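Trainee: Chain by chain, the residues run as shown.
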Amino acid sequence: MEYFISLFILASINIILATSFNLILGYGGLLSVAQPIFFALGAYCSALIAIYFEIPIFLSIILASLVAGIFAFGVSLPSLRVSGDYLVVSTLGFQLGTLHIINNIEITGAAGGLSNIPPLISHPYRSLLTLFIVVCFAVLSIWMVRKIMRSAYGRAITALRNDETAFSSLGRNPIRIKVLIVALSAAMAGFAGGMYSHYYLYITPEQFGIFATATLLTMVVIGGAGTVLGPAFGAIIITTLPEIITFLNLPVSIMAPLQGVIFTGLVLIFIFLKPSGLIGSTRGLDGLEIWKK
Amino acid sequence: MSEINHSLETVNLTKNFGGKIVANHINVKFKQGFVSGLIGPNGAGKTTLFNLISGNIKSDYGDVYLGGKKINKMSDFKRARLGIARTWQMNRLFNSLSLIDNLIISQRSDYSDKSLSLGLLDFNRAKKDAIYEDIAANLLKRVGLLNYRNSVPAELSYGQQKLVAIARALMNDGSIIMLDEPMAGVEGRTHDKIKEIILEEKTRKKTIIVIEHNMRFIREICDEGIFLVNGQIKAVDSVASLMNDVELTRIYFGG
Ligand SMILES: Nc1ncnc2c1ncn2[C@@H]1O[C@H](COP(=O)(O)OP(=O)(O)O)[C@@H](O)[C@H]1O
Ligand SMILES: [Mg+2]
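Chains C and F supply the protein sequences, listed in that same order. Residue numbers for the first sequence follow our numbering, so the first one is 26 and each next one is one higher. Residue numbers for the second sequence follow our numbering, so the first one is 11 and each next one is one higher.
Pulled out of the complex, with its shape left as it was, chain C reads as follows (with noise of 0.2 Å):
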């Protein structure tokens, strides 16, 4: 039991993960790929908080992922300034270069890991109550990226997504725009990085890397980018099929290929045979959902 209340966690914090994900990459047409990253500064920077100073651990949650926020505005304002294709290479930077002084200095564990993360609930029901918190925080992501695009503000973010030039000679910022949303969506992905570590209670550096960007990737690809709620089952699915695939009891010679054939079917399957993702809904010629309110 305590095994599938566990799962059904990751998947929920994937769900945020994903759902944030999907509002830049799918609804702003933007290719950021630290995603993983700004999940990792919240769930290190909430757990050193936790560790090193006595407040409340929501509210370490909280602050790491203004952190996150704060660290996802500095790094996309200077490369969206010059155009939103050095946006993929500046984020690439910051990922690669953040892994890279997580696993190397002292007060982050190193490559070791962090550990001895105080838990967010203690109490003896404490996997149950998380999940019940995280399933609460998946749904306000889902709803808070449904209300954005569906507000005069989400009108603009499709103008933008639909052509950036012809967006800002008509008199509206689109830098604006970009850093506040990659903003927003960095703190969203921090938030799940604190609600993950004070469960799991261990993280690891190599748990955020360019794997992490491509799992979220599929996610959100399979299920619909774009889409309000694809990005939610794609997280479920990707999060749930290794441990399915695990039940099948197969010698591990054959189930880690078998894993990563499956991995990669998916994507093809989904490129090829429905590139909206699993989520159907109304396109315009970019095979973009139409905006509507």
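Derived from the structure by calculation, the hints contain no laboratory data. These numbers were taken from a predicted model, which means no experiment stands behind them. No residue lacks a Cβ here, since even glycine has one placed at the ideal position from N, Cα and C. Take these hints with a grain of salt, some might be off.
Stated by the list, open to error - Quick partial rundown of chain F residues pointing at chain C, CB under 7 Å, derived from the structure:
(1) S64
(2) S106
(3) L130
Assemble chain F with the ligands onto chain C, guided by the hints.
Mentor: What follows is chain F with the ligands alone, placed relative to chain C:
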């Protein structure tokens, strides 16, 4: 002082693209209530001049003045907010938005991108939209596309898309309107409609600049012609005189 209000003016405006000079010390004054035709062979630098004025590209040298105020340090969106509106050779409509939303989002004081709450606290969009929705609907009516208000651009013909692009620029309702080849690929009723709209805007004392290859159209609606070759202004005159100039005609038709 001249009695004509020179609402838009460039002084020695210069731009190189990798050593190739595409705007070469351009000095030009655009007059209020005037339709100026920007003509010249392909690659002459007409669109580049639009881009320099609207701020989509920055000049290497020289200045742009709007109503006597230097604006060439400003970004494109700030210039648009001052009332410089333009269209594009390739329309560049927002494909995921309905026509009405394409227009609503294009009014100068749109509040949406300024919201610090990213729309999360935006609980009365419909009410805020209402004024602009009326203006947008009126413009769609003016270009004859009100029936398509909820359609997306892809559902329209090319000519209809041109009309939407013009309507979107008019949504700005500023003093300057720049149209980049509005007539390219357009004929019949749409042709007449675009002509009618330009002349209406002229009577509303707008400063209108039109890049166009359709000479009949230029002759019919432009009060003056500005002839551009290799990033340089070769002549500014009435369209009739420009067309009678053997030398210019030779350059234009690449003889
Ligand atoms: N962004 C750019 N980068 C490099 N060269 C450009 C760019 N934009 C335009 N040019 C070049 O500048 C010249 C003028 O282009 P343009 O202003 O589009 O001409 P026109 O609109 O008169 O046909 C052309 O030779 C074109 O190739
Ligand atoms: Mg051109």
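Trainee: For every hint, state whether the structure bears it out.
Mentor: Hints and how they fare:
Nearest Cβ of chain C to the Cβ of S64(F): about 6 Å, under the 7 Å cut. The hint holds. With a cut of 7 Å, the hint placing S106(F) at the interface with chain C holds, because the nearest CB-to-CB distance is about 5 Å. Satisfaction of the interface hint for L130(F) is found here, the shortest Cβ-Cβ separation to chain C being roughly 6 Å, below the 7 Å cut-off.
When held up to the earlier numbered hints, the structure conflicts with none and fits them all.
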